[in-house]
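All chains should be modelled from the sequences, with the hints used to inform the complete structure.
There are 2 protein chains.
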Amino acid sequence: MIKIIKHPVRDSWESLFRPAQIEKSGLEEKVRHILNRVRSEGDSALLDYSEKYDGVRPESLIVSYEEIREAEKFVPDDLKRAISMAKENIEIFHRAQITDEPVIETTPGVKCWRKSIPVEKAGIYIPGGTAPLFSTVLMLALPATIAGCREIVMCTPPDKNGRVNPLILYAASITGVTRIYMTGGAQAVAAMAFGTESVPGVDKIFGPGNQYVTKAKEMIQMYGIPVDMPAGPSELLVIADKTAVPEFVAADLLSQAEHGPDSQVFLMSDDEEMINRVLYEIEKQIHTLPRMSTALEALENSALILFDSMIDCIEFSNLYAPEHLIIATTEPSSVAAGVINAGSVFLGNYSCESAGDYATGTNHTLPTNGYARNYSGVSVESFMKKITFQEVTQEGIKNIGPAVELMADAEMLAGHRNAVAVRLKSLRNE
Amino acid sequence: MIKIIKHPVRDSWESLFRPAQIEKSGLEEKVRHILNRVRSEGDSALLDYSEKYDGVRPESLIVSYEEIREAEKFVPDDLKRAISMAKENIEIFHRAQITDEPVIETTPGVKCWRKSIPVEKAGIYIPGGTAPLFSTVLMLALPATIAGCREIVMCTPPDKNGRVNPLILYAASITGVTRIYMTGGAQAVAAMAFGTESVPGVDKIFGPGNQYVTKAKEMIQMYGIPVDMPAGPSELLVIADKTAVPEFVAADLLSQAEHGPDSQVFLMSDDEEMINRVLYEIEKQIHTLPRMSTALEALENSALILFDSMIDCIEFSNLYAPEHLIIATTEPSSVAAGVINAGSVFLGNYSCESAGDYATGTNHTLPTNGYARNYSGVSVESFMKKITFQEVTQEGIKNIGPAVELMADAEMLAGHRNAVAVRLKSLRNE
Numbered sequence: 044m045i046k047i048i049k050h051p052v053r054d055s056w057e058s059l060f061r062p063a064q065i066e067k068s069g070l071e072e073k074v075r076h077i078l079n080r081v082r083s084e085g086d087s088a089l090l091d092y093s094e095k096y097d098g099v100r101p102e103s104l105i106v107s108y109e110e111i112r113e114a115e116k117f118v119p120d121d122l123k124r125a126i127s128m129a130k131e132n133i134e135i136f137h138r139a140q141i142t143d144e145p146v147i148e149t150t151p152g153v154k155c156w157r158k159s160i161p162v163e164k165a166g167i168y169i170p171g172g173t174a175p176l177f178s179t180v181l182m183l184a185l186p187a188t189i190a191g192c193r194e195i196v197m198c199t200p201p202d203k204n205g206r207v208n209p210l211i212l213y214a215a216s217i218t219g220v221t222r223i224y225m226t227g228g229a230q231a232v233a234a235m236a237f238g239t240e241s242v243p244g245v246d247k248i249f250g251p252g253n254q255y256v257t258k259a260k261e262m263i264q265m266y267g268i269p270v271d272m273p274a275g276p277s278e279l280l281v282i283a284d285k286t287a288v289p290e291f292v293a294a295d296l297l298s299q300a301e302h303g304p305d306s307q308v309f310l311m312s313d314d315e316e317m318i319n320r321v322l323y324e325i326e327k328q329i330h331t332l333p334r335m336s337t338a339l340e341a342l343e344n345s346a347l348i349l350f351d352s353m354i355d356c357i358e359f360s361n362l363y364a365p366e367h368l369i370i371a372t373t374e375p376s377s378v379a380a381g382v383i384n385a386g387s388v389f390l391g392n393y394s395c396e397s398a399g400d401y402a403t404g405t406n407h408t409l410p411t412n413g414y415a416r417n418y419s420g421v422s423v424e425s426f427m428k429k430i431t432f433q434e435v436t437q438e439g440i441k442n443i444g445p446a447v448e449l450m451a452d453a454e455m456l457a458g459h460r461n462a463v464a465v466r467l468k469s470l471r472n473e
Numbered sequence: 044m045i046k047i048i049k050h051p052v053r054d055s056w057e058s059l060f061r062p063a064q065i066e067k068s069g070l071e072e073k074v075r076h077i078l079n080r081v082r083s084e085g086d087s088a089l090l091d092y093s094e095k096y097d098g099v100r101p102e103s104l105i106v107s108y109e110e111i112r113e114a115e116k117f118v119p120d121d122l123k124r125a126i127s128m129a130k131e132n133i134e135i136f137h138r139a140q141i142t143d144e145p146v147i148e149t150t151p152g153v154k155c156w157r158k159s160i161p162v163e164k165a166g167i168y169i170p171g172g173t174a175p176l177f178s179t180v181l182m183l184a185l186p187a188t189i190a191g192c193r194e195i196v197m198c199t200p201p202d203k204n205g206r207v208n209p210l211i212l213y214a215a216s217i218t219g220v221t222r223i224y225m226t227g228g229a230q231a232v233a234a235m236a237f238g239t240e241s242v243p244g245v246d247k248i249f250g251p252g253n254q255y256v257t258k259a260k261e262m263i264q265m266y267g268i269p270v271d272m273p274a275g276p277s278e279l280l281v282i283a284d285k286t287a288v289p290e291f292v293a294a295d296l297l298s299q300a301e302h303g304p305d306s307q308v309f310l311m312s313d314d315e316e317m318i319n320r321v322l323y324e325i326e327k328q329i330h331t332l333p334r335m336s337t338a339l340e341a342l343e344n345s346a347l348i349l350f351d352s353m354i355d356c357i358e359f360s361n362l363y364a365p366e367h368l369i370i371a372t373t374e375p376s377s378v379a380a381g382v383i384n385a386g387s388v389f390l391g392n393y394s395c396e397s398a399g400d401y402a403t404g405t406n407h408t409l410p411t412n413g414y415a416r417n418y419s420g421v422s423v424e425s426f427m428k429k430i431t432f433q434e435v436t437q438e439g440i441k442n443i444g445p446a447v448e449l450m451a452d453a454e455m456l457a458g459h460r461n462a463v464a465v466r467l468k469s470l471r472n473e
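Residue numbers (this note's numbering), protein chains in the order written: chain A, 44 to 473; chain B, 44 to 473.
Calculated from the structure, these hints are not laboratory results. A couple of the hints might just be wrong.
Which copy is meant is left open, so a pair is good if it fits within one copy or across any two.
List time: in silico DSS-like cross-link candidates among lysine-lysine, alpha-carbon distance up to 30 Å [unchecked claim]:
no.	residue 1	residue 2
1	LYS441	LYS158
2	LYS130	LYS49
3	LYS285	LYS116
4	LYS130	LYS158
5	LYS95	LYS203
6	LYS158	LYS73
7	LYS130	LYS327
8	LYS130	LYS441
Next up, the structure:
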């Protein structure tokens, strides 16, 4: 069960952070072998791996339009409406991320600007398994579509019957995914990185996965294919004062704990009674969860921590850089103002993490494992790159040219100076 | 000398692209050894490597304030004024990249927004060697300062006398660099990644370098330290019609060719006379360059290509994804509208690349090697991450809660549903 820690000294904080993850032995060699085989053998390697790992050799790697159309029938109407609402909120929030940038005249005759352009082909990986992560389809395909990617390729493993969960197919069909392939694991990442006869190579790869997928995403960066972000187990940190609702806080901690045995959750509070009451609620609620054993394992890595002050809570949180941060205090925005490292922040008693996981409109693909210090979550920008432009007129080159000549000289780049000199000379001769 | 190619068939285009780079044999093992040694031995490893590679064991790794103050005396006043102008333009363009994002109400009672926060500590690497790349100090330290990084750590190798070029120190002193260390190569990257007794570990590492530096930057990403972008040799592609000025185009191609023997330059035109005249100008101008032998080597990888139409020129360019693209045509903006892959684009006869290298205001740290397909150049955002926030009121959770419950159920995450359910229940009971 989760432990209670009181007034930990600052030097001990980091010892509470993320237990070291144990990598499967030989993982890197195994994944390297998969990458190389897919690169050289293409589709036939994908089919072999499917037979080996998914227990089925699909007749076709690409999911047919018929299967996609059929899938819709398996989605109940109320769930369709729920997904449609989530989709709309995600679209509203992400569309606002598309902004026009102004043209800046830095010196008379020198205009500079930037233009955002989508990457042409985005690759999305959606894990298989019992729980169909259709919400992740929304969170990745919608920003890609809003960015304007020409192709949105999705890979997901088939089940034992050679099929993809209908919820995944339905979500893909309403979010702009252009092609769906039945292939999973490291081999799917390899297929999207290198391209095969069926699967097109993409410009960037997104999405969660197991250790094989994660390692493959890490390794294909060496081939120049960027990925959304480094992966790690999911995390939640709650900062609560005495005005929080223990039942809510406990439910939030448990919602994160059920994700996986390596999840980590923290409650920090300046109120000892709050901590005791949350503990009581956790013990009460955990028995109702189908994934109780997973949650129990996760709670072993976790803690309820009593601090002297809110200042300490915020400092701990910034040092930890949580993926999710709930602030359940009287004035959440004043606490939020102190947050410098976090993936996504939830303010007030009614902003539960699971609302953000599905439907507030923010993206749920977030930096874990402390990467919130130097990475952002997925956004429309994740599917775009920015090109800079400049237009220098005759007046402009007269204004900045002599300075460029001096600097090029100082860097001993005579050719750089000359490119300006020939232009200034021609203007003097006019 | 540079070759002329006429009407190449589409299938042959890619064979003209970037010759394969040859990696020094054993590079990865050597760099791994350096990373490990710096990680375990800290400063003493840095000093040993300096003795070995820089030919000097500096008395102190940190550059003293006195040295920095002294440096200013070695910078001529006219160069100071030139640097000051470049600095101002870079600041004007980069400051405009800081924008406030609106709060978006996605559903009544559900507000979402993003906030940009600087990474705390930025690390900047500046190579040594004969040419002092002070312009790169401006291009990296100014955006970091504008982003608001708390620490901007700069590493650069000492010369044989244990000193840093005064231009580098001067540029650092006027751009907000907070600490300067005399250490170079892969060991400098390791120091900024892991931290040593003297050098603080940073959140992200920027800057150019030789094969050792590049490989070290590639490898430290495995430890979760992001870098600005993957590196490669510098490139320029010029699209010119008959209205271009051959003397200018030749000077531009040569300014890029002098960078290094592995640089690559292309001219594409729909006008055969333009190609012949540019070739003539190249042959004329190249003899004036102190770095002629470097430029000659680079021209061996390069080509002047005659295409049937501007459309083909643009298509070739987008496929190649050049670091720098000059458009010297009658209507450069109509050609620019078709550009989807490029680092930085220069419009018109007076927009030479070297102007952008120093002083237009755009950043000169750009994606090479085809990475312009999926990476942006350095900007203020490179030194920041974005945190999402959401605030859900009682009304908000009533609006989106039931949909979240349905979706959590469909993903078999009962704990996620429960976090919403306890809130909805409490509101019904009120």
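LYS130 and LYS441: within-copy, between-copy, both or neither at 30 Å Cα: between (52 Å within a copy, 17 Å between copies)
How do LYS130 and LYS158 come out at 30 Å by Cα distance, when the copy is not named: within, between, both, or neither? both (27 Å within a copy, 22 Å between copies)
Could you place LYS158 and LYS73 in one of the four classes (within, between, both, neither) given a Cα distance threshold of 30 Å? This pair counts as neither: shortest intra-copy Cα distance 41 Å, inter-copy 40 Å.
Within, between, both or neither: how does the pair LYS441, LYS158 come out at a Cα-Cα threshold of 30 Å? within (26 Å within a copy, 40 Å between copies)
With identical chains treated as interchangeable, where does the CA-CA distance between LYS130 and LYS49 reach 30 Å or less: within a copy, between copies, both, or neither? neither (42 Å within a copy, 51 Å between copies)
Same-copy or cross-copy closeness of LYS285 to LYS116 [CA-CA at most 30 Å]: Classified as neither; 48 Å inside a copy, 60 Å across copies.
Checking LYS130 and LYS327: alpha-carbon separation at most 30 Å within a copy, between copies, both or neither? neither (34 Å within a copy, 62 Å between copies)
Within, between, both or neither: LYS95, LYS203 at alpha-carbon 30 Å: For LYS95 and LYS203, the Cα distance is within 30 Å only inside one copy (11 Å; across copies 59 Å).
Checked against the numbered hints above, the structure breaks hints 2, 3, 6 and 7 and satisfies the rest.
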